[in-house]
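Q: These protein sequences, in sequence, are chains A and B. Numbering follows my numbering, with no gaps: position 44 of the first sequence is 44. Numbering follows my numbering, with no gaps: position 59 of the second sequence is 59.
Please keep in mind that the hints were generated in silico from the structure rather than gathered at the bench. One should not assume that every hint holds.
Claimed, not checked - Label pairs and their in silico Cβ distance ranges: (1) 214/B x 22/A: 15 to 25 angstroms; (2) 202/A x 45/B: 41 to 51 angstroms; (3) 166/A x 178/B: 37 to 47 angstroms; (4) 92/B x 364/A: 23 to 33 angstroms; (5) 118/B x 247/A: 46 to 56 angstroms; (6) 24/A x 45/B: 57 to 67 angstroms.
Unchecked claim - No more than 27 angstroms apart at the CA atoms, straight line, and that leaves these computed lysine-lysine pairs for DSS-like: (7) 318/A x 286/A; (8) 187/B x 511/A; (9) 136/B x 151/A; (10) 178/A x 286/A; (11) 205/A x 136/B; (12) 187/B x 65/A; (13) 187/B x 151/A; (14) 151/A x 126/B; (15) 151/A x 65/A; (16) 218/B x 511/A.
Glycine is no exception: its CB is placed at the ideal position from the N, C-alpha and C atoms.
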Amino acid sequence: MKNFAFILVLLNLAASALGQVTYQNLLEADREPGNWLTYSGGYNSQRHSRLEQINRDNVPELEMKWAFQMRTLEDVETTPLVVDGIMYLTEPPSNAHAVDTRTGRTFWSYTRELPNETHTCCGQVNRGLAMLGEKLYLGTVDAFLVALDAKTGSVLWEVEVADRLEGYSITVAPLVVKDKVIVGVSGGEFGIRGFLDAYDAETGKRVWRFYTVPAPGEPGHDSWEGDDWKTGGAPTWITGSFDPALNLIYWGTGNPSPDFNGELRPGDNLYTDCVIALDADTGQLKWYFQFTPHDVWDWDAAQIPVLVDAEFEGRMRKLMLWPNRNAFYYVLDRETGELLLVKQFARQNWAQGMDSRGRPIIKLEALPTEKGIIIWPGIQGAMNWFSPSYSPLTGLLYFPVRHVPTFISTGDTDYDPGAMFLGSRWTGMPDDPSWASIQALVPQTGEVKWEYPLHRDVWTGLLSTAGHLVFGGSVEGQFFALDTATGEELWRTPLGGMVIAAPVTYLTDGKQRVSIAAGNTIFTFGLD
Amino acid sequence: MKMPRRWIALVLVLGGAVSVWAQQREENPYTTPEDVAIGAEIFQRRCVTCHGGDGTGGRGPDLTRGLFRYGSSDVALYRTIRSGISASGMPRLGLPEERVWRLISYVRSLSENPRVTIPGDPERGKQILSSQSDCKRCHLVNGEGGRLGPDLSEIGWMRSPQHLRSSILNPNREVDRGYRSVEAVQKGGQVIRGVPLNEDAYSIQLMDLEENLHSLWKSDLEDLRQEDRSWMPSYQGAFTGSELDDLVAYLYSLRRKKDSP
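Just need the whole structure built from these sequences, with the hints factored in.
A: Put into structure tokens, the structure is as follows:
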């Protein structure tokens with residue numbers, strides 16, 4: 001009993017700043033390489049770390065420090081956050097863990113109770129958390145945004161973002177911007193009407209919503225006919241980027257619905273397959289760029305906007321680098337949305353080229369028919385959601401490339417809430433020569449500096465470091481480190497599970513660690 | 001669309017699930033008085049430790065209300081008993097199908113004549129908890145409060161009224177493993193006092209009394225003392241009888257999620 005007075009005294013002390021994330025921390029994430037504070041490492045989404053303890057000379061000495069196995073049978077797509085020695089990661093479908101990075105042991109686990117019926121097209125996956133203060137933010141496959149206490153995993157608040165029975169779910173890692181949590185939705189295969197939301201980080205109250213399919217009377221609505229917009233798709237299922245100086249949030253949008261039968265939704269179908277630039281405070285649209293107007297191949301622009309300030313044609317510009325699912329690489333001016341460069345980076349058979357404004361000149365024979373066509377890249381695209389990396393040291397952009405075709409034929413479809421809304425049949429082509437690689441590109445020209453060949457497919461995200469290394473993995477379960485300058489493989493190790501996540505790096509007790517999800521396990525490597 | 005390659009697998013899985021579901025019954029086929037009697041025998045052997053001999057609960061929830069945290073339909077109860085709820089302490093019982101159904105029949109019979117009475121006023125209890133006691137220094141309730149003690153936001157689903165009352169008056173009578181007192185004495189002499197979060201042969205993770213998280217190698221410790229007592233003081237005498245009734249009624253009313261079928 002006498003301890004109680006002692007406890008009360010202690011409890012009245014101010015909380016330590018350790019283990020907390022402020023907006024200022026997020027703004028200066030690159031100066032805090034001992035932590036991994038947000039999905040893409042920082043607001044510019046370069047996924048580059050200044051850490052150099054592990055480098056091209058000593059990387060062959062990497063050894064595993066610990067592994068954290070999860071029970072899930074789903075793909076683990078999570079990018080962990082690491083704050084002051086504690087790793088926060090998600091486990092599919094919508095669970096979270098706090099793991100000590102010294103020992104690999106958990107501090108707590110959060111298991112979300114899910115309803116029997118949820119709607120996800122492609123696995124009940126989750127890509128990670130966002131953090132502000134001592135709160136973690138988790139999107140769930142039943143379409144809730146949940147705030148968890150970072151010290152206990154207790155639910156502090158939760159809010160229903162959308163109706164799961166209409167086909168909405170959340171798989172994206174949220175993004176904290178100032179005092180708001182930005183979160184998007186999945187559901188492009190279910191005829192949702194997509195949107196991007198901002199919630200008050202403290203209370204969970206919604207601050208703004210931007211619908212990615214405009215309603216009657218709104219700009220862009222004339223790119224739809226009739227009621228097609230109501231089921232138009234344009235989900236927002238990959239984390240975007242933020243430019244604090246311009247106060248703009250950049251976010252990629254997904255495919256139009258139904259996916260493949262364009263006759264059911266004539267028009268350009270804005271703002272599907274776009275990057276949208278939104279005012280961070282109001283959610284108002286400042287500009288957009290549509291990569292694939294009237295898409296009939298399922299080429300979501302669900303890529304990470306990589307923000308780089310660099311010289312372009314003789315003058316410093318605020319660039320956005322975007323290798324798209326449609327096999328073309330784009331450079332945009334992120335102040336205005338002006339197209340600066342577009343160049344093919346993977347095998348494709350759908351576009352004769354691009355006009356001066358970046359609108360594709362489509363080959364008629366590439367449009368899906370009832371009889372069917374073979375399309376390059378296939379419906380999974382030449383890129384997909386996996387994270388690129390940009391190294392300011394080499395000035396190169398690194399990203400995985402898929403050369404994988406698909407056979408598609410169109411079919412009729414009726415909208416039924418919560419049911420798949422595709423308008424096609426399709427199949428992979430196992431006998432066709434598919435291949436994959438990691439590319440290093442000169443951002444300003446699209447010139448391929450080097451290429452690291454992989455087998456038939458790739459789903460890894462990448463991480464570059466000041467140790468002149470690019471880390472990534474293969475679908476066959478290898479984890480590797482490449483030389484940023486040459487692409488030479490300097491180290492690899494078999495992890496025995498598909499890599500479908502991005503690596504992160506951070507410090508534990510002052511020593512650099514690299515972690516990656518493979519199979520259902522997080523593996524952590526270090527030198528000593 | 002992200003990974004349609006898995007749709008084929010999904011169709012196969014869903015097809016499999018449908019066929020499994022077709023074998024699993026939607027309603028309880030074992031509902032005769034004999035089935036209830038057999039269910040009672042199973043209950044006495046497997047359930048009373050947590051739910052009490054009469055089903056009114058203990059460290060496990062009261063089963064006599066006819067409302068269940070993880071669903072009240074036959075199918076939901078079947079799932080709960082057969083598979084367990086890993087996060088809640090409810091184990092997977094691993095009973096054959098017909099014994100699960102008979103157990104459900106018995107559990108349903110418990111709610112025909114509810115035996116639990118809650119004399120207090122939850123609203124007054126809420127005011128007591130907010131203004132007259134220091135519960136929230138250590139306990140979280142719906143997003144507000146401390147971290148050292150259990151999150152009470154859904155405690156009404158998990159504990160019986162008598163267990164709640166007992167925990168307030170005599171916290172040391174039954175202390176959950178995660179809330180026992182720990183004192184880790186480091187080799188330099190520094191002592192970290194708190195509650196354990198995780199432990200293995202080589203390390204221990206704990207939250208100290210200032211709510212800081214620690215992960216300690218046992219090889220770095222001079223001593224590690226763990227006692228089967230709580231940091232929570234007894235509130236015996238701190239409340240009048242009716243205040244205690246009100247507080248228990250409020251705690252018992254805390255169920256964030258509604259009953260679902």
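Q: Let me make sure I understand: some of the numbered hints might not hold for this structure. Which ones are they, in numerical order?
A: 4
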